[in-house]
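Protein chains in written order, with this note's numbering: chain A, 1 to 167; chain B, 1 to 599; chain C, 1 to 106.
FYI, nobody ran anything at the bench for these hints, they're computed from the structure. All C-beta atoms, glycine included, are put in the ideal place defined by N, C-alpha and C. A couple of the hints might just be wrong.
Unchecked claim - Just a sample of chain A residues kept apart from chain B, beta carbon distances all over 12 Å, derived:
(1) G93
(2) N139
(3) S162
Unchecked claim - Partial chain B-side listing against chain A, Cβ under 7 Å, derived:
(4) F583
(5) L587
(6) V590
(7) G591
(8) I593
To be verified - Below, simulated DSS-like cross-link-like pairs (lysine-lysine); rule was C-alpha separation at most 30 Å, straight line:
(9) K84(A) x K105(C)
(10) K163(A) x K105(C)
(11) K105(B) x K407(B)
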Amino acid sequence: MPAFLFWIFALVMLGFGVAVVINRNPIASALSLVVCFMGLSALFMSLDAFFIGIIQVLVYAGAVMVLFLFIIMLLDLRAETRRKINVVAVVGGAAVAVAFFLQIYFVIGQLSVAKHPFPPLGAAKMDDVHNIGFLLFSNYNLPFQIIGVLVLVATIGVIVLSKRELR
Amino acid sequence: MSSALPWYILLLPFFAAVVIVLLTKSFRGLSSFISVGAVLASFVGSCVVFATPNIRALELKPWIDLRPVLFVPLGLVLDDLSKTMLVLVTGIGTLIHIYSLGYMKTDAGRSRYFASLSFFMFSMLGIVLSNNFVMMFIFWELVGVSSYLLIGHWFEREAAAEAAKKAFITNRLGDFGFMLGILMAWTATGTVVFHDMAQQLGRITSYPGYLTVTALLIFCGAVGKSAQFPLHVWLPDAMEGPTPISALIHAATMVAAGVYMLVRVGFLIQAAPEALTIIAWIGTITAVMAALIATQQNDIKRILAYSTLSQLGYMIMAVGLASGEAAMFHLFTHAFFKALLFLGAGSIIVMLHHEQNIWKMGGLAGRLGITFLTFMVGTLALIGFPPFSGFFSKDAILALAYEKNQKIFWLALFTAFLTAFYMLRLVVVVFFGKPRSDQARTGREAPWLIIGPLIILAIPALASGFGFVAKLFLKLPGENESGWLVPGLALGATLAGIALAIGLYRRRETDPINLALFREGFYFNEIYRFLIGATQGVLASISALVDRWILDAGIIRGAGGATWGIGSLLRLLQVGNLQAYAFLFGLGIVGLIYFTLFR
Amino acid sequence: MVTLGHYLIVSGLLFTIGFAGVLLRRNIIIIFMSLELMLNAANLSLVAFSRFRLDGAGMPNYNAQVFVFFIITVAAAEVAVGLAIIVALYRARQTTHVEDVSSLKF
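Let the sequences and hints guide you as you build the complete structure.
Shown next, in the form of structure tokens:
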């Protein structure tokens, strides 16, 4: 995929990611996150991971973010009031985050394979749904079943947690 | 020829002691006879061994065989020196045992006494017969233990118990030096057997400093055992024990063990000239100091005890002047007349119902006739009046001193004068004049069990100095070249002392001279007590300091406090704030990555 | 020319943004959303590597993509439960400010 598309979508993703963190209004934050996920999905597509890209939109942007918005509106959260900013905490947190990124940058800089371009694929079209499904139900069947149980447990847990009076 | 008889001589008293302790403790009469029988048998055996030339003791398996590092055999040495000592020790021992039968007749602890006495005989014979340093050291210590048991026989008396402890501890101080000396000698020559060490001596003579130190350390053992200055303080106090013990141990045998040991390792001592000088001077100092103190003592046994110290000083002086023969000659004669004097004193004491102060006696010459006569024999021998035995042996030492070291000679001569003075003081006050107390008025002669040994001992006290008698037993020191000068000076000093004593002390009720310095023994006991107390005080303060500040405050409270303090610091991290935890988490991750990837 | 390194740097940057959000924001919901950002950054890395490592037949390594599938599923479950807890917390404390829920201190 042409390089400039990569840069556009990367910038979209990163920009709206920053917007999530910076926005005062939680609804604005949530919507920024949705757009961020869109950009991310585009990046997935650019890596020929079509199934993952679609799943990203369907599950994350479609289900998870909707849940977030529901909860924000349920709790009726307004833009949070400004409180006294603890300068030390802010500076410390920013410093740690920046230090972490610098470390990642250096590590990747020393990774020799990072400089290689992507090798060409064997076939022009890939049936990656088929391939992923195959792997999923054969090699990773057990984790798949466990994930199923996990989701069931999560559902039950959510129901229990949201009862008004817990007896 | 190889014989087991020496082993029997050595072990019979030991078995007697074991039998008495384990079986016959409650049968007092039986115990005493077992003990006397054992030592009599040892005496007979010693005479047989003495009369047999070329006798060797049966070889037993060695005790420690770690050649070439260490070899300690179980061996007995039977040369002329040890044979003579055997006869001397067992002979006088037998007489003392018989004397004890009479002296301790009414004592309730007789079994214990005779068991300790037999054990002492075993230990002393062990010292005489050992052929190597390690065995001798073990018997050395055993003699110290026996001395402790015997001095403290009447341990219910505080003074006796204290005296026993003092004797043992002072001896141990000397033994510490002795042990170091043995180790040094062993390190240098590679052997502890006397015979082999004499042959290997060439290895250390090239290091005179080492040799001198070794010789002096070994001499420390003699300083302790033979009560030389500065470890002389135990001998006067040891008079708290029964008088036969004072006679046996502290006159004739145990204290002589130091001199015997020095003569036995003479090859080592005589190779170190500086050590010899120091030894001679210590002997001289002891002799003079003890004689001075004796002039002011009022207890009959203490006078005799200081006299022993003085004569031991003479013997050590002879060793230091490189004549083991003169030392052994004096040891030989001294054993007889000193034992005689002590046993005589014991006879007086027991017949005066345990009175020991000479100023409470008097006029006993008529009442205790035989005691008086034998006591006079002993006195004349001690002060060196010709032709008694002491004259010849003391003369030999004086002649030696005249040749080798004039300063020592004049001091020794002065001591001879003092010896005559204090002994005649004793005799005049005790036996002449009017009785000064009721006990003195009513005293009568002692029974035969007590007088018999006195008479028997008077004979060698008179005769053992004569050359033809002594030659049978000892190698005599060489004839002196100064002719009649030294004997003449000695006789003059003796007569002067006699005259002064008679003049000062005739018809006196109390002592005209009063010198506290001499009477209190130059205050040595007080000095030592102060030093020991001060040292203990310092050590106790240091221990208290360490305990209070380092152990209690530093380590115990410190460990607890440090943990508590760190805990207080760490708990500041539990702020309850979610983002603080996340921050610390991130910090940890950054740090981890840094240290694993970038270092 | 877009290389693997570009994707990885972008992923790292996204992760850092999410991490900064967790550390600096005070609203619990926003913190939760930043958490999602971090998870997705990891997903991006995994997919990039999946595309980069081809097997013999020229196919991408689908194991990573299966892993991403699992991550998405688990993240969804986690969001559900987490938001339920936040709702319960809001009902108890009437606040979504993270500094108001700090009673678990020494």
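Now for the hints, and whether the structure bears them out:
Against the 12 Å criterion, G93(A) falls within the reach of chain B, whose nearest CB is about 6 Å from its own CB. Once the 12 Å rule is applied to beta carbons, N139(A) is consistent with being away from chain B; the minimum gap is 31 Å. Non-interface status of S162(A) relative to chain B is upheld: no Cβ of that chain comes within 12 Å, the nearest being about 22 Å off. The restraint placing F583(B) at the interface with chain A holds, with a minimum CB-CB distance near 6 Å, inside the 7 Å limit.
Given hint, L587(B) at the interface with chain A, holds; its Cβ is 6 Å from that chain's nearest Cβ, closer than 7 Å. Interface restraint check for V590(B): the shortest CB-CB distance to chain A comes to about 5 Å, inside 7 Å, so the restraint holds. Taking 7 Å as the C-beta cut-off, the interface hint given for G591(B) is violated, the closest approach to chain A being about 9 Å. A hinted interface residue such as I593(B) counts as satisfied when its beta carbon comes closer than 7 Å to some beta carbon of chain A; here the least separation is about 5 Å, so the hint holds.
Proposed proximity of K84(A) and K105(C) is supported: the alpha carbons are some 21 Å apart, at most 30 Å. Proximity of K163(A) to K105(C) is assessed by CA-CA distance (about 28 Å); at most 30 Å being required, the pair is judged to hold. This hinted pair does not check out: K105(B) and K407(B) have alpha carbons roughly 49 Å apart, beyond 30 Å.
Checked against the numbered hints given earlier, this structure breaks hints 1, 7 and 11; the rest are met.
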